[in-house]
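Modelling step: build the complete structure from the supplied sequences, incorporating the hints.
Each residue of the sequence shown is one higher than the last, beginning at 1 in the numbering used here.
Derived from the structure by calculation, the hints contain no laboratory data. It is possible that some hints are incorrect.
Pairs of lysine-lysine residues, derived as BS3-like cross-links and limited to a Cα-Cα distance of at most 25 angstroms, are as follows [as the list claims (entries may be wrong)]:
1) Lys143 / Lys222
2) Lys18 / Lys33
3) Lys69 / Lys18
4) Lys33 / Lys69
5) Lys69 / Lys143
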Amino acid sequence: MTANYLETPQGRRIAYHKTEGAGPVIVFLGGLKSDMEGTKAIHLEAWAQAQGRAFLRFDYSGHGESSEKFEDGCIGDWHEDTLAAVAALTEGPIVPVGSSMGGWQALLLARAVPERIAGMVTIAAAPDFTEDGYWASFTEAQKAELDAQGYVELPSDYMEPYRISQRMIEDGRTRLVLRSPLALPFPVRCLQGTADTAVSTETALRLLDHAECEDMRLTLVKDADHRFSDEACLKLIEAALEEVLGVS
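As structure tokens, then:
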């Protein structure tokens with residue numbers, strides 16, 4: 001199926017697929033360097049279609065079929081892309097489903113447009129990872145390299161090395177969500193695998209403890225990894241969505 005495109009106010013070209021249906025609109029927010037063709041996004045789109053529910057998946061700039069280069073992007077750019085997609089392509093209440101970095105994006109979205117959000121599901125959410133993951137783990141040599149050439153390269157378990165720019169680190173510091181009050185006045189379901197080597201259970205517990213939310217639950221899944229996309233994990237995501245959507 002051919003993607004549609006949206007031009008953001010910043011001039012970036014965002015690829016997306018949208019399914020019409022009943023609201024709230026489920027908005028899938030992918031992880032760092034992943035795209036809207038991933039297992040979870042495609043599975044949830046089919047699940048939403050089977051239920052007659054509205055669904056949106058898209059590629060941030062520098063990801064998948066969208067414009068720009070990954071190396072030039074940062075958390076703030078992808079937040080702008082998310083805001084643009086939600087504003088232009090959805091109406092009424094939405095339910096973000098944020099995977100990894102998309103979990104951070106979902107929390108930024110909740111801070112920006114809380115009145116639009118009816119519920120939220122996160123999968124291995126990685127809020128503040130540029131500071132607490134990357135910067136906190138950099139050696140003095142890596143910090144010097146970042147300062148000298150504007151980027152460092154980090155190995156990945158899933159693909160070619162990530163090139164992490166100084167802009168990503170510095171912009172990330174302006175988007176942190178675990179250092180100040182985080183109000184989530186809607187149902188939230190968080191899913192986390194205990195065998196995840198990219199996002200720790202400590203991060204999931206920190207988010208649970210920090211957020212101001214009257215209906216927030218964290219499910220730890222023994223031996224599930226960061227992909228969280230086998231059949232059992234996909235069923236858990238469906239169940240979490242049904243809970244926040246109020247489906248009995």
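Quick rundown of the hints versus the structure:
1. Our distance criterion of 25 angstroms between C-alpha atoms is broken by Lys143 and Lys222, whose separation comes to about 35 angstroms.
2. Restraint check: the Cα-Cα separation between Lys18 and Lys33 comes to about 21 angstroms, which is no more than 25 angstroms; the hinted pair holds.
3. Simply put, Lys69 and Lys18 have alpha-carbon atoms about 24 angstroms apart, close enough for the 25 angstroms limit, and the pair holds.
4. Between Lys33 and Lys69 the alpha-carbon distance is near 11 angstroms, which keeps this suggested pair within the 25 angstroms criterion.
5. A C-alpha spacing of about 23 angstroms is found between Lys69 and Lys143, which places the hinted pair at or below 25 angstroms, so the restraint holds.
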